[in-house]
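Per this note's numbering, the very first residue in the sequence shown carries number 33; after that it's consecutive.
Source of the hints: derived by calculation from the structure; they are not laboratory data.
Hints may contain errors.
Said to hold, decoys possible - Label-pair ranges, simulated between beta-carbon atoms: (1) 196 - 69: 28 to 38 Å; (2) 369 - 264: 27 to 37 Å; (3) 394 - 343: 22 to 32 Å; (4) 90 - 64: 35 to 45 Å; (5) 253 - 383: 13 to 23 Å; (6) 95 - 43: 31 to 41 Å.
Glycine included, each C-beta is placed from N, C-alpha and C at the ideal position.
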Amino acid sequence: MHTVTTNYRLSNWRGEFVDAATEQAFRKHSEADASRSLRRALLVWAALVVLFGLLDYPVLGHGYDFQVLFGWRLATAAVLLLLYWQVRRKPSLVSDGYAVTAVEIFGSVLFFMLYFLRHDMVSWVIAVVAISLLALFMFIPNRVYLSLLASAFLSIGLMACVAARGMGAEKVIGLGFILVLPIAVGFFTALRWQLAQRQQYALLMQVISSNRDLQDEIKRREALEAELKRQATTDPLTGLFNRRQYEMLFQRERQRCNRLGQEMTLCVMDLDHFKRINDQHGHDAGDAVLRHVAQHLCCSLRHSDVVGRFGGEEFVLILPDTGLEQAVAVLNRLREELAETPVPVRGQLLPVSATFGVTAVRQDDSDLESIVRRADRALYEGKGAGRNRVMTA
Numbered sequence: 033m034h035t036v037t038t039n040y041r042l043s044n045w046r047g048e049f050v051d052a053a054t055e056q057a058f059r060k061h062s063e064a065d066a067s068r069s070l071r072r073a074l075l076v077w078a079a080l081v082v083l084f085g086l087l088d089y090p091v092l093g094h095g096y097d098f099q100v101l102f103g104w105r106l107a108t109a110a111v112l113l114l115l116y117w118q119v120r121r122k123p124s125l126v127s128d129g130y131a132v133t134a135v136e137i138f139g140s141v142l143f144f145m146l147y148f149l150r151h152d153m154v155s156w157v158i159a160v161v162a163i164s165l166l167a168l169f170m171f172i173p174n175r176v177y178l179s180l181l182a183s184a185f186l187s188i189g190l191m192a193c194v195a196a197r198g199m200g201a202e203k204v205i206g207l208g209f210i211l212v213l214p215i216a217v218g219f220f221t222a223l224r225w226q227l228a229q230r231q232q233y234a235l236l237m238q239v240i241s242s243n244r245d246l247q248d249e250i251k252r253r254e255a256l257e258a259e260l261k262r263q264a265t266t267d268p269l270t271g272l273f274n275r276r277q278y279e280m281l282f283q284r285e286r287q288r289c290n291r292l293g294q295e296m297t298l299c300v301m302d303l304d305h306f307k308r309i310n311d312q313h314g315h316d317a318g319d320a321v322l323r324h325v326a327q328h329l330c331c332s333l334r335h336s337d338v339v340g341r342f343g344g345e346e347f348v349l350i351l352p353d354t355g356l357e358q359a360v361a362v363l364n365r366l367r368e369e370l371a372e373t374p375v376p377v378r379g380q381l382l383p384v385s386a387t388f389g390v391t392a393v394r395q396d397d398s399d400l401e402s403i404v405r406r407a408d409r410a411l412y413e414g415k416g417a418g419r420n421r422v423m424t425a
């Protein structure tokens, strides 16, 4: 929290963020709006510069003074339109501010020429300069201290013009006091506006950051909830359903099959000589075999079939919508595939076989335990008969 507060600390005299990266991000964020505002201001400025030139002709005629003044007006308008075109192509010029300031200073020269060439409107020029000083701060998007630089150039330049015409020091100083007022009003208004914009941006970024953190926390909680649910319903070693989950799925499928009049079978499967694998190759090899068998079962059976780990090397297979004969055919195919797919462990191929005990789920079966016991008896008959076979009960 302290870091966030530090990043959004503001300079009260520049009206900008102290942190350079944060300031740059703010300028990029507000670049489009500032660019549109500046382009509108440049078009209005260029139009006024040219239109007011029409007032020069009745006074100056078609003489040299008019040609110089109108030529400078056209040059000023051209520079303004050039900046308009450049800003449209590259809005970052607004954020930087130096190009805008250079054009503001260039445009100020027109007032100095008016002061010397239009003697009839000296008071009008001073009044327009005072208004222009306010406009530099309030209507032309720029950084506050750069607007202050442009306004200082315009004010000092006009005072120099007054002094050059032989006016007394008291008039020059008086003019300075007059021009300080619009500069001060414009500066503090622009400063307050710039600070307010950045404060709003800081609040917006903090809200976005908080929302992002909240979304991340929600995702973490959802992932944790999913993981807890997975752990509560699956066997951690094989990823198959645990006893609690496959019992619940069995009840659901049994009710569905009874309602639709479909057959259903249950199988208990046991890996042959699994203890020998653990004794000869270690428990890591045994775990690898269990994972291999679990993956094979999931890939070979239907999505509607339920595969669970019964315990140790035993598995429970629940086959809805499947009669006993069809189940035997499916399980024999599984048995043959397992026998033909040895498990690679530390450079060795370990053969795997399994014995299956399968039974049909009957209407009079009271619970899952009785069905499992019946399938288990068939399984042990298969082991007694030599293993690697499918037996029915």
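Outcome of the hint check:
Checked against the given bound of 28 to 38 Å, the beta carbons of residue 196 and residue 69, roughly 36 Å apart, stay inside it. The given range of 27 to 37 Å is respected by residue 369 and residue 264, whose C-beta atoms sit roughly 31 Å from each other. Judged by the Cβ atoms, the range 22 to 32 Å given for residue 394 and residue 343 holds: they are separated by roughly 24 Å. In this structure the supplied range 35 to 45 Å holds for residue 90 paired with residue 64, their Cβ-Cβ distance being about 43 Å.
For residue 253 and residue 383, the hinted distance range of 13 to 23 Å is not satisfied, since their beta carbons lie about 45 Å from each other. Restraint check, residue 95 to residue 43: a C-beta distance of roughly 51 Å breaks the suggested window 31 to 41 Å.
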